[in-house]
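Can you make the complete structure from the sequences, with help from the hints?
Residue numbers (our numbering), protein chains in the order written: chain U, 1 to 457; chain P, 1 to 252.
If you're looking for bench data, these hints aren't it; they were derived computationally from the structure.
Be aware that a few hints might be false.
Here are the simulated EDC-like cross-link-like pairs (lysine to aspartate or glutamate), alpha carbons at most 16 Å apart as the crow flies [stated by the list, open to error]:
hint : chain 1 : residue 1 : chain 2 : residue 2
1    : P       : LYS29     : U       : GLU401
2    : U       : LYS408    : P       : ASP228
3    : P       : LYS25     : U       : GLU373
4    : P       : LYS129    : U       : GLU146
5    : P       : LYS233    : U       : GLU401
6    : P       : LYS29     : U       : GLU373
7    : P       : LYS25     : U       : GLU401
8    : U       : LYS408    : P       : GLU229
Because the structure is a prediction, the values reported are computed rather than measured.
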Amino acid sequence: MDLKANFAAFSSRLVSSALRKMGRGGTNLPGRIAKKIDSKILTKLSEGLTIIIVTGTNGKTTTTKMIGQILEDAGIKFFTNKSGANIQSGIIATFAEYVSIKNKHGYTHALIECDEAAFRQISTLIKTDYAVVTNIFRDQLDRFGEVSNTLNAIKTAVKNQPEAKLCLNADCSLTSSIVTESTKNEVIWFGTSGPLYKKTANELSDATYCINCQHPYKYHYKTFAHLGDFYCKECGYKRQTPNVRLSKIIKADLESSTFAIDSTTKFDLKINLPGAYNIYNALAALAFARAAGIDDELAKKSLEQTSASFGRTENIMMGNTPLKMLLVKNPAGFNQVINLVINNPKKSQAIFALNDRIADGTDISWIWDVDFETLAKESGKQFENIYLTGIRANELAMRFEYAGFDMKKVTVIKDYDELLDLVQKSELETFVFQTYTAMFEIRRKIAERVEIKEFYD
Amino acid sequence: MTKSIKICHLYPDLLNLYGDLGNIKAMVKHLEASNIKCSVDNIVLGDRLDWKKYDIFFVGGGQDFEQEILSRELKETGNDECIKEAIEAGKTFLAICGGYQMLGRYYQTWDGKRLNYIGAIDFYTVGGKERKIGNYAFNVDKAGEIVGFENHSGRTYLGSKVEPLGTVISGNGNNGEDKTEGVHYKNVFGTYSHGPILPKNPLFNNLILNTALKTKYGDDAPVIKYTDEYEIKAHEYMENRLASGKQASNNF
Chain U
1 MDLKANFAAF SSRLVSSALR KMGRGGTNLP GRIAKKIDSK ILTKLSEGLT
51 IIIVTGTNGK TTTTKMIGQI LEDAGIKFFT NKSGANIQSG IIATFAEYVS
101 IKNKHGYTHA LIECDEAAFR QISTLIKTDY AVVTNIFRDQ LDRFGEVSNT
151 LNAIKTAVKN QPEAKLCLNA DCSLTSSIVT ESTKNEVIWF GTSGPLYKKT
201 ANELSDATYC INCQHPYKYH YKTFAHLGDF YCKECGYKRQ TPNVRLSKII
251 KADLESSTFA IDSTTKFDLK INLPGAYNIY NALAALAFAR AAGIDDELAK
301 KSLEQTSASF GRTENIMMGN TPLKMLLVKN PAGFNQVINL VINNPKKSQA
351 IFALNDRIAD GTDISWIWDV DFETLAKESG KQFENIYLTG IRANELAMRF
401 EYAGFDMKKV TVIKDYDELL DLVQKSELET FVFQTYTAMF EIRRKIAERV
451 EIKEFYD
Chain P
1 MTKSIKICHL YPDLLNLYGD LGNIKAMVKH LEASNIKCSV DNIVLGDRLD
51 WKKYDIFFVG GGQDFEQEIL SRELKETGND ECIKEAIEAG KTFLAICGGY
101 QMLGRYYQTW DGKRLNYIGA IDFYTVGGKE RKIGNYAFNV DKAGEIVGFE
151 NHSGRTYLGS KVEPLGTVIS GNGNNGEDKT EGVHYKNVFG TYSHGPILPK
201 NPLFNNLILN TALKTKYGDD APVIKYTDEY EIKAHEYMEN RLASGKQASN
251 NF
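Right, dumping it as structure tokens:
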């Protein structure tokens with residue numbers, strides 16, 4: 001590594017450390033400074049490393065964590081970025097932090113969770129060895145634009161990396177369209193073999209019409225949203241046969257899922273994360289293991305050990321009140337959490353926290369695409385209390401009234417301390433549905449009461 | 001005799017950007033709360049529109065991929081002509097964002113390509129490079145201040161004989177230049193306020209419903225005055241926030 005790159009990396013580390021001392025984490029400044037000093041910084045820092053990129057709309061953080069566990073158990077020396085640092089500047093700062101001039105830590109692999117647009121940007125700078133795409137959904141439109149932008153960003157990145165091994169969601173017609181006749185990449189497809197839920201929320205599909213010929217898709221079955229065994233009668237575009245396939249759900253509840261896998265070998269797998277979306281994340285991680293030539297047996301053990309990432313169905317005990325922290329960022333993700341809750345009825349209460357800062361998405365109209373109607377119908381009775389909070393709690397109250405919740409149970413409490421007092425006293429299992437910045441605020445308030453894991457772990 | 005209103009949701013399969021369904025739910029809620037029977041039919045790809053059957057038409061916004069499919073579909077089925085006839089016959093329309101633009105004459109992309117639209121109303125839209133995104137407010141005669149969210153790169157310019165829906169109080173509206181927002185032509189209400197504009201603007205909801213009732217029942221038309229505390233609180237929150245000059249509360 002040359003002097004300029006070294007200086008750029010050093011500057012990034014210096015600024016990071018200064019910011020941390022000031023008590024500020026998660027900023028983009030260090031990476032931006034490093035790039036100013038040396039525009040090729042990423043290329044230089046990533047040289048010689050095996051690069052694994054995890055991208056897609058939902059499930060990036062959990063899938064990255066699962067793959068990290070697999071790498072660790074396989075004895076591979078790797079580093080990875082924090083989930084908040086998944087855009088270019090954060091990725092640069094991550095490399096700057098771990099790669100030193102003589103690579104004295106001996107890292108051989110970098111595992112990078114990557115925003116879709118950032119994947120396109122860095123695809124001209126970093127040689128990617130593995131790219132895992134979890135799925136493609138409509139995200140917050142004010143931040144990400146149309147779903148076709150997301151898809152095109154990934155397509156461009158893949159074109160720039162013809163040697164990368166791809167691990168793709170076969171059940172997602174949008175993701176699957178990344179591969180065309182001219183694609184040279186090796187592909188491992190992951191997918192299901194039947195429906196995953198008894199009851200599902202009604203969702204708008206982000207892919208009703210064939211991406212090639214614009215005729216409506218047909219399905220042998222759907223798992224949720226637009227995912228499933230799709231085909232187009234008109235042009236013949238259809239789901240690829242999964243190489244890593246879920247063959248049967250054995251047991252699924254609020255804490256875990258057990259299912260049978262058909263990959264290089266056949267085996268049963270229990271993950272300690274609930275919900276169909278986490279099953280897809282596990283399939284993505286298994287697809288990576290297969291692409292990287294890691295044994296099924298090892299990957300199975302790793303996945304069985306993986307616990308929830310920050311705010312992704314994470315359990316926290318607040319006194320005698322068990323909290324289930326559920327991060328909700330877009331309608332697709334929210335509807336999956338609803339699927340989880342309605343398929344596992346239990347006497348409980350719920351908090352819904354809606355903020356509209358930049359990181360949450362400033363446009364909250366997406367709450368109308370969340371199927372609260374089904375939640376009200378299926379779970380209205382199981383919730384003893386429903387608390388609404390966050391900057392846009394009033395809009396949420398209106399949405400809940402429209403959805404048909406019993407408004408006698410619904411209370412708007414904007415003061416988090418007051419809210420947590422009530423919740424802690426109740427000793428009732430509590431689902432906490434929260435947008436990104438609301439989760440930070442609420443978690444900080446919980447941390448004042450009980451000891452919980454650090455934010456930036 | 002019970003009065004009734006028939007709503008036609010145009011192409012929910014194609015135009016379903018963020019929360020459009022909330023508008024249908026809001027109309028149904030106010031009608032039912034006022035003891036007026038109502039029904040909602042969806043017109044989807046492949047359907048032929050029998051416009052005379054309906055009192056209110058709702059058309060939402062869509063992404064480019066779906067809008068392209070729709071442009072072709074409207075011509076192939078002749079539904080573009082049906083929509084024009086319905087508008088001229090005084091049917092009530094609520095058209096939002098992409099659906100609003102589509103009623104105009106054309107859309108010119110920023111690099112000069114021109115896409116012809118239905119041309120039911122004299123206005124056109126020019127694509128800009130920069131998107132106008134954010135909470136905004138505008139004033140409408142008979143419905144007061146309306147709060148909503150805009151997210152569009154198109155700038156819309158109205159023909160000289162066409163009235164805007166309202167006057168911008170904060171934000172951009174049609175083009176960010178002339179303070180106009182949306183269009184009001186005959187009984188068509190067009191607006192950039194995407195997502196659900198009606199739930200948190202109950203007076204505007206009532207204005208649309210009362211327009212349709214008046215068209216259908218003339219002097220016998222009942223007048224809807226329904227609002228509830230949740231709608232009013234959601235409205236007041238945003239009205240106050242915009243008045244105090246804040247967009248997003250602060251950056252994270």
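Hint by hint, here is what the structure shows:
Only pairs whose Cα atoms come within 16 Å are accepted, and P:LYS29 paired with U:GLU401 is accepted, the gap being roughly 11 Å. A distance of roughly 15 Å separates the Cα atoms of U:LYS408 and P:ASP228; the hinted pair therefore holds under the 16 Å criterion. Restraint check for P:LYS25 and U:GLU373: satisfied, since their Cα atoms lie roughly 11 Å apart, inside the 16 Å limit. Our distance criterion of 16 Å between C-alpha atoms is met by P:LYS129 and U:GLU146, whose separation comes to about 15 Å.
Straight-line distance between C-alpha atoms of P:LYS233 and U:GLU401 comes to about 12 Å, which keeps the hinted pair within the 16 Å bound. Only pairs whose Cα atoms come within 16 Å are accepted, and P:LYS29 paired with U:GLU373 is accepted, the gap being roughly 14 Å. With a CA separation close to 11 Å, the supplied pair P:LYS25 and U:GLU401 stays within the 16 Å bound. Note on U:LYS408 and P:GLU229: the hinted pairing holds, with a Cα-Cα distance of about 14 Å set against a maximum of 16 Å.
Figure legend: structure checked against the earlier numbered hints; every hint is met.
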